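With the hints as your guide, set chain A onto chain E.
2 protein chains.
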Amino acid sequence: METMAKEDTIKALLFDVFGTVVDWRTSVARQLRPFLEQHGIQDDPHDVANAWRKKYQPALEEVRTGRRPFVKLDVLHRENLEKLLADYKVDVASLSEETLNDLNLIWHRLDPWPDSVAGLRRLKQRFIIAPMSNGNIRLMTDMAKGAGLPWDAILGAEVVKAYKTSPEAYLRTAEVLDLRPEEICMVAAHNSDLAAARKCGFHTAFVLRPTEYGPDQKTNLRAEQDWDWVADDMGQLATKMNCPA
Amino acid sequence: METMAKEDTIKALLFDVFGTVVDWRTSVARQLRPFLEQHGIQDDPHDVANAWRKKYQPALEEVRTGRRPFVKLDVLHRENLEKLLADYKVDVASLSEETLNDLNLIWHRLDPWPDSVAGLRRLKQRFIIAPMSNGNIRLMTDMAKGAGLPWDAILGAEVVKAYKTSPEAYLRTAEVLDLRPEEICMVAAHNSDLAAARKCGFHTAFVLRPTEYGPDQKTNLRAEQDWDWVADDMGQLATKMNCPA
Chain E
-12 METMAKEDTI
-2 KALLFDVFGT
8 VVDWRTSVAR
18 QLRPFLEQHG
28 IQDDPHDVAN
38 AWRKKYQPAL
48 EEVRTGRRPF
58 VKLDVLHREN
68 LEKLLADYKV
78 DVASLSEETL
88 NDLNLIWHRL
98 DPWPDSVAGL
108 RRLKQRFIIA
118 PMSNGNIRLM
128 TDMAKGAGLP
138 WDAILGAEVV
148 KAYKTSPEAY
158 LRTAEVLDLR
168 PEEICMVAAH
178 NSDLAAARKC
188 GFHTAFVLRP
198 TEYGPDQKTN
208 LRAEQDWDWV
218 ADDMGQLATK
228 MNCPA
Chain A
-12 METMAKEDTI
-2 KALLFDVFGT
8 VVDWRTSVAR
18 QLRPFLEQHG
28 IQDDPHDVAN
38 AWRKKYQPAL
48 EEVRTGRRPF
58 VKLDVLHREN
68 LEKLLADYKV
78 DVASLSEETL
88 NDLNLIWHRL
98 DPWPDSVAGL
108 RRLKQRFIIA
118 PMSNGNIRLM
128 TDMAKGAGLP
138 WDAILGAEVV
148 KAYKTSPEAY
158 LRTAEVLDLR
168 PEEICMVAAH
178 NSDLAAARKC
188 GFHTAFVLRP
198 TEYGPDQKTN
208 LRAEQDWDWV
218 ADDMGQLATK
228 MNCPA
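Chain order of the listed sequences is E and A.
The opening residue of the first sequence carries number -12 in our numbering; numbering runs sequentially from there.
The opening residue of the second sequence carries number -12 in our numbering; numbering runs sequentially from there.
Chain E on its own, in the form it takes in the complex (with noise of 0.2 Å):
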């Protein structure tokens, strides 16, 4: 008798994005860098880039907890932004809402890795597949229409009003897709993702990213458990799991 492969219980897969699927540090750098230049900021652009983004977790932890309700992450990012402004000595005020806006845009133009379209596209022809981000709908459609991410559908917090790496997250996108958690697979380049999705009975894949966050990166550069897949990139789990070239 032929024994089941383990992808075959798989019906969708759900992706991290931020770091996983597309490079948010050299794509937000290369934005921010005209920004900064006409302001006298002379730090490196990658470092601005983690400064804005050191902010997010706190910012998500307020929500998390409870200490806050559920706001979508367009409105964190505005927040931190004009926080991470203030710490570079700019006059947030003097600033036009055009401006800011459009700074606040740059988290909806971010550049994939370059093996996550046609890895993507593979894996599309044998699972759904579907961001599970942070990062709220508009963000992850102007996202995917830049970027020629070819989504199934948009999932992620604003969906389910739940930031990971809170179990709701996980357990109440699994009710929308009417699976059983087993039947869904995490897909993160970060081992924290990975450990709330396999509480939640969720199938894992890690796929290294060993420069998110510079070349100088110190987390996340192995996996931390006996994930179900782990891979280099996302051609190479489209090949372990077994999917069309």
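In this list, chains with the same sequence are indistinguishable; a pair is considered to hold if it fits within one copy or across any two.
When the alpha-carbon atoms are kept at most 25 Å apart in a straight line, the in silico DSS-like pairs for lysine-lysine are as follows:
| no. | residue 1 | residue 2 |
| --- | --- | --- |
| 1 | 132 | -7 |
| 2 | 132 | 111 |
| 3 | 227 | 132 |
| 4 | 59 | 148 |
| 5 | 132 | 59 |
| 6 | 76 | 41 |
| 7 | 59 | -2 |
| 8 | 42 | 148 |
| 9 | 70 | 41 |
| 10 | 42 | 76 |
| 11 | 186 | 227 |
| 12 | 59 | 70 |
| 13 | 42 | 59 |
| 14 | 41 | 148 |
| 15 | 227 | -7 |
No lab work stands behind these hints: they were computed from the structure.
Keep in mind the model is a prediction, meaning the values are calculated, not measured.
Positioned in the frame of chain E, the structure of chain A alone reads:
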């Protein structure tokens, strides 16, 4: 000075799906036929499809009026299926869960009208395109995958927990998209859907589907208000909205 065309204000097109994008009647009839034959039901499968659909608006109305909390359309379709089978003297209790579920999933497997996919591809080059259907996310995702509908996102009732033609369905979807209502155009083959969208400030496009209910259709055979666009099919709509060929 160049005058601005009306479509220049539009950022997103939101589509009614059942009847406007897909031909639910012939798709449901075709998939019901083997079951009906097996159970000795000699009615025309198209009439059975219409009878199932006829239970749709009353079920939605329970939710729209607040008499019942929001539940997704798969649940309502299933309840209506069991009533429908009882109407045709089928002993529902004698059927397996698998059979009932497979019948219910007929609504996930509907064929597009012949012009839908090509028209949507053209419209997608200029606008965000998404379903704003009463169908739930998984239903719309399965349908898109099966029919090749190139949506940028899956929006609709389940995302905003409100069924059309409640104003909340339109207004909350505009919030999700972070667009002003006038930056959105509702596309539908149903005058009532467009009337509700217009009351919320949306632009409107009527696509004629004169055989949605079969050759003797009596309703929605013409635009009943001066909708912003009126087209005979999705390709003509793309042309009228100045989308590339």
